[in-house]
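So the protein lines, in turn, are chains A and B.
The number in the numbering used here is simply the position in the first sequence, starting from 1, with 153 added.
The number in the numbering used here is simply the position in the second sequence, starting from 1, with 153 added.
Hint data in this document are derived by calculation from the structure and do not stem from the laboratory.
As the structure is a computational prediction, the values presented were derived from the model and not from experiment.
Errors might be hidden in some of the hints.
The calculated lysine-lysine pairs, modelled on DSBU-like cross-linking and capped at a C-alpha distance of 35 Å, are [to be verified]:
1) Lys-250/B - Lys-391/A
2) Lys-443/A - Lys-402/B
3) Lys-250/A - Lys-250/B
4) Lys-402/A - Lys-156/B
5) Lys-406/A - Lys-402/B
6) Lys-443/A - Lys-406/B
7) Lys-406/A - Lys-443/A
8) Lys-156/A - Lys-250/B
9) Lys-406/A - Lys-391/B
10) Lys-156/A - Lys-406/B
11) Lys-443/A - Lys-307/B
Residue-level listing of the chains:
2 protein chains.
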Amino acid sequence: MAKIVECVPNISEGRNTEVIEAVVDQVRNTAGVTLLDYSSDTSHNRTVITFLGSPEGIEEAVVALTKKAVELIDLNKHQGEHPRMGAVDVIPFIPVKEVAVDECIEISKRVGKRIWEEAGMPVFLYEDSASAPNRVNLAKIRKGQFEGMAEKVKEEEWEPDFGGRTIHPTAGVVAVGARMPLVAFNINLNTPDLSIASKIAKIIRKSSGGLDYVKALGVMLEDRNIAQVSINMTNFNKTPLYRVLELVKAEAKRWGVAGVGTEIIGLTPMNALIDSAEYYLQIENFDRDKQVLENHIL
Amino acid sequence: MAKIVECVPNISEGRNTEVIEAVVDQVRNTAGVTLLDYSSDTSHNRTVITFLGSPEGIEEAVVALTKKAVELIDLNKHQGEHPRMGAVDVIPFIPVKEVAVDECIEISKRVGKRIWEEAGMPVFLYEDSASAPNRVNLAKIRKGQFEGMAEKVKEEEWEPDFGGRTIHPTAGVVAVGARMPLVAFNINLNTPDLSIASKIAKIIRKSSGGLDYVKALGVMLEDRNIAQVSINMTNFNKTPLYRVLELVKAEAKRWGVAGVGTEIIGLTPMNALIDSAEYYLQIENFDRDKQVLENHIL
């Protein structure tokens, strides 16, 4: 079984197709990686690129991609709704198969060092790779954005992890780090009362005392006239999907409300679902690495 | 995404390591296939070999394996508890990825023809490949075993699908066919009363009017002093695991009994579990081919 890492760089270009293709080509042209998807948002002026591969392949591909983005993207001319601080804005490494987060942290540090040395762009390590607690959260690092970053890196606590206290004049700075896969899991309620979804979201999310690794908000699905608890699961191994669903259903009963369905947005690792199958099917002593057929061919 | 087929030939040798290794080597030495497992049972005097690969690789590997088994195994000298009729006794082809059962039927017919032409062993097509209803069930074809087969193939209704009415003198005949993956799914009850497990088994299995694609028996787990409904799911797409579990639990209530846990024996395709996760997690509009990350790297 081969090691597989996922990498999802976000670049600050979502409009110029020529530039986007030239950057994505760096992934296409690297051996040992597979491009899964890239999607551009014109109002954000940003493109999210998703690829998988061996640790070595991922490292080569993302360094090549960063060099090309630094060459072609000038943040001084960039406008868009999404906050950004670099030509490549953020580079997360996500363990997929036979790789622990620790190995992704090592990859992020090697890549960070190379981005500074080979592309001249200072690097902040973030999330599980962060060198200090206030660098875990990307939003905190990015605060001030490209325009404020030249001053920010001169502050005591904001010296980049790689590179000195001068940002790249056109490409800015980038956040690089390891994190667990995110699963976007939304639970629809049979009520048009948004306040109930918001109260449940507050109960279940970590930031207000709920479950670890859960972020949640109440939102309204206008077209169906129902409220939804919109959830980001940041570590489905530690807090599995079924636990969140059962807790939401239990809390909803207080208002005579039930869960009428759920949705998973975008990609999920199969293990996030197999976890819940094991729970609900009450399977004892299941060894998914050996017993799930597909694990023999990944 | 590449096509993947699973093949699980059973050979009539479970004691002589040299012979077993020589046969298994034919799989090891074929390009485009991966040997997953082979396990020998000495009292059965039989070895089950499991491998995966491209349709072309599977075809080459299993023809090579059959030739070697025909060369090395003499059924006239074979003794074992398990019924058998050939040096290679049965060869199922199972769709795993990007392959329908229909394609596995085509493979089984090509392989059957080649086994007759290249190894001189007559072939019965069975299961989904069967040429007549009384050839679907392997046990019916194999009745009489190797010792009775020379006479049996002379009967009107038992002419082999490939080869004439003379069996191979030392290797006998073989059944070749396509079938869906089997999932062995057992449900433990919190009672030592075997008769309850047997009654529930009778309720749920197809042969006595229950669910399609379900075979079931009541058995006793002596070491835990509980009864178990032991189930073979022969098509988890058509009859999913959760449906069987929920039906068993509902029926068990009649006797005040509950399901205390389940087990899956051996391999299961991930989709058998994802099916149940989708049901219990109530996921709407889930496109597993696109949304399950691993489907992009198989």
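A quick look at each hint next to the structure:
1. Our distance criterion of 35 Å between C-alpha atoms is met by Lys-250/B and Lys-391/A, whose separation comes to about 30 Å.
2. For the given pair, Lys-443/A sits about 28 Å from Lys-402/B by alpha-carbon distance, which is consistent with the 35 Å threshold.
3. A C-alpha spacing of about 19 Å is found between Lys-250/A and Lys-250/B, which places the hinted pair at or below 35 Å, so the restraint holds.
4. Among the hinted pairs, Lys-402/A with Lys-156/B is inconsistent with the structure: their alpha-carbon atoms are about 40 Å apart, more than 35 Å.
5. For the given pair, Lys-406/A sits about 24 Å from Lys-402/B by alpha-carbon distance, which is consistent with the 35 Å threshold.
6. Between Lys-443/A and Lys-406/B the alpha-carbon distance is near 34 Å, which keeps this suggested pair within the 35 Å criterion.
7. Restraint check for Lys-406/A and Lys-443/A: the C-alpha separation of about 39 Å exceeds 35 Å, so the hint is violated.
8. A hinted pair counts as satisfied when its Cα atoms are at most 35 Å apart, and Lys-156/A with Lys-250/B qualifies at roughly 21 Å.
9. As the CA atoms of Lys-406/A and Lys-391/B are separated by approximately 33 Å, the hinted pair is consistent with the 35 Å bound.
10. The hinted pair formed by Lys-156/A and Lys-406/B fails the criterion: a straight-line CA distance of about 46 Å is larger than 35 Å.
11. Among the hinted pairs, Lys-443/A with Lys-307/B is inconsistent with the structure: their alpha-carbon atoms are about 45 Å apart, more than 35 Å.
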